[in-house]
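There are 2 protein chains.
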Amino acid sequence: MSIETRKRVEVCFTPSGYEYFKKDFEIVVVIDVLRATSAICAAFENGVNSIIPVPSIEEAWEYKKKGFLAGAERKGQIVEGFDFGNSPFSYMNPEFKGKDIVLTTTNGTKSLDVAKDAEIVLVASFLNLNAICQWIVEQPKDVVCLCSGWQDNFNLEDTICAGAIVDQLTNTGNYYSTEDSSIAAKYLFQSAKKSHLGFIKSSSHRRRLKKLNLNKDVHYCLTPNQTSVIPILKNGKLVKL
Amino acid sequence: MSIETRKRVEVCFTPSGYEYFKKDFEIVVVIDVLRATSAICAAFENGVNSIIPVPSIEEAWEYKKKGFLAGAERKGQIVEGFDFGNSPFSYMNPEFKGKDIVLTTTNGTKSLDVAKDAEIVLVASFLNLNAICQWIVEQPKDVVCLCSGWQDNFNLEDTICAGAIVDQLTNTGNYYSTEDSSIAAKYLFQSAKKSHLGFIKSSSHRRRLKKLNLNKDVHYCLTPNQTSVIPILKNGKLVKL
Numbered sequence: 013m014s015i016e017t018r019k020r021v022e023v024c025f026t027p028s029g030y031e032y033f034k035k036d037f038e039i040v041v042v043i044d045v046l047r048a049t050s051a052i053c054a055a056f057e058n059g060v061n062s063i064i065p066v067p068s069i070e071e072a073w074e075y076k077k078k079g080f081l082a083g084a085e086r087k088g089q090i091v092e093g094f095d096f097g098n099s100p101f102s103y104m105n106p107e108f109k110g111k112d113i114v115l116t117t118t119n120g121t122k123s124l125d126v127a128k129d130a131e132i133v134l135v136a137s138f139l140n141l142n143a144i145c146q147w148i149v150e151q152p153k154d155v156v157c158l159c160s161g162w163q164d165n166f167n168l169e170d171t172i173c174a175g176a177i178v179d180q181l182t183n184t185g186n187y188y189s190t191e192d193s194s195i196a197a198k199y200l201f202q203s204a205k206k207s208h209l210g211f212i213k214s215s216s217h218r219r220r221l222k223k224l225n226l227n228k229d230v231h232y233c234l235t236p237n238q239t240s241v242i243p244i245l246k247n248g249k250l251v252k253l
Numbered sequence: 013m014s015i016e017t018r019k020r021v022e023v024c025f026t027p028s029g030y031e032y033f034k035k036d037f038e039i040v041v042v043i044d045v046l047r048a049t050s051a052i053c054a055a056f057e058n059g060v061n062s063i064i065p066v067p068s069i070e071e072a073w074e075y076k077k078k079g080f081l082a083g084a085e086r087k088g089q090i091v092e093g094f095d096f097g098n099s100p101f102s103y104m105n106p107e108f109k110g111k112d113i114v115l116t117t118t119n120g121t122k123s124l125d126v127a128k129d130a131e132i133v134l135v136a137s138f139l140n141l142n143a144i145c146q147w148i149v150e151q152p153k154d155v156v157c158l159c160s161g162w163q164d165n166f167n168l169e170d171t172i173c174a175g176a177i178v179d180q181l182t183n184t185g186n187y188y189s190t191e192d193s194s195i196a197a198k199y200l201f202q203s204a205k206k207s208h209l210g211f212i213k214s215s216s217h218r219r220r221l222k223k224l225n226l227n228k229d230v231h232y233c234l235t236p237n238q239t240s241v242i243p244i245l246k247n248g249k250l251v252k253l
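First to last, the sequence lines map onto chains H and B.
Just so it is clear: in the first sequence, position 172 is 184 by the working numbering, and no numbers are missing.
Just so it is clear: in the second sequence, position 219 is 231 by the working numbering, and no numbers are missing.
The set of hints was computed from the structure by calculation and includes no laboratory data.
No distinction is drawn between identical chains; accordingly, a pair holds when it is met within one copy or between any pair of copies.
Taking lysine-lysine pairs in the DSS-like style, the calculated list, with each CA pair at most 30 angstroms apart, reads: (1) K34 <-> K87; (2) K19 <-> K153; (3) K87 <-> K222.
With the hints as extra help, turn the sequences into a complete structure.
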């Protein structure tokens, strides 16, 4: 297959870097492994009807006042006054089944906001890795993986998850990457492949969560293919594809 | 040695990311492997007296009118009207010995400009890798490696060179890193260690230079430890330490 007929897959390390990629990709895959996009996948796996991602705590609060179930996380912790943050385990509550919930997080909802005008915006994590790759390969469209990072800085776990997507798509022979960020992400994933948790244990955000006693969350978020749900953004709401 | 008495070494992927690191590091090591900082090392190895890095072509031109030897490179090529760009081989000309020269390049001089207010600003490339690490370990100071990138995007060769510095410093047991960018750079260097050229052959900038028939330059720039010079910024001029 010639380079012209193959599709392109690239990795953008941070929301602020997205401007450079914005025009060239029909599909944006938003990644925030620890923990927003993992929590979103877990929520749909557990029967949530929709998730409204909002960038600010104020907006989340407005929804809460209207009677919505609303979650807010900043710097790894639940914001005071809210009932839940971005722990995937919060969303396994049977009360959430069939509900429309509202969520704001430090990094993940920001990257959803940055990507919102793309043709197709999907949510990925290690949890739905194979499912999302299998769906993407069927589409005649170029794809950019948008890592949420940590306060707009590079982070290891999102990059490795993006690298796993690049690895899987390029292995089909139908995709190519040209950006150094994508090549690096793929190499980092290949180094990490045998033990996600082992590689990421040195990551700064993992240390941050460990201090907050969130090891169980981290372990869950780094375990691939626990669900086949693919959350997609439709009219400002995340729903199941 | 406890973490408190060890020194810190980190990697910043792009000039625009430097703001985040700015306050915490006494030493900034500026890296632009292909080719500005490699050319600067080659120039000092070949007896140049000083190099005045300027961010714009206009400033370089002003110096040229005053009789300076002035070089300018944009997008890998020599700017029209200038005698040289950033090929290391240009600086091996015997006419350059003992001279003060002026240089502006796409990425490298920009990162020198961004870093200029730090206590100590050094210039590194693969060419002076061991020399610069040996000097740094003697200093009781924290160090950040500032990659020039490509038009403010992540690039592979600068990151791998920075990773080589992190690897060498942390191997002494006297340094630690906390940022994910530094951990990733070190892993990428370790993957690339056996063959710099092999790993970087997929890099986007290398492909760009290959199109411009600059393979000889690339090979030279990726060969470690060809010189022991350490260029340092003093009052706006690069001189030999």
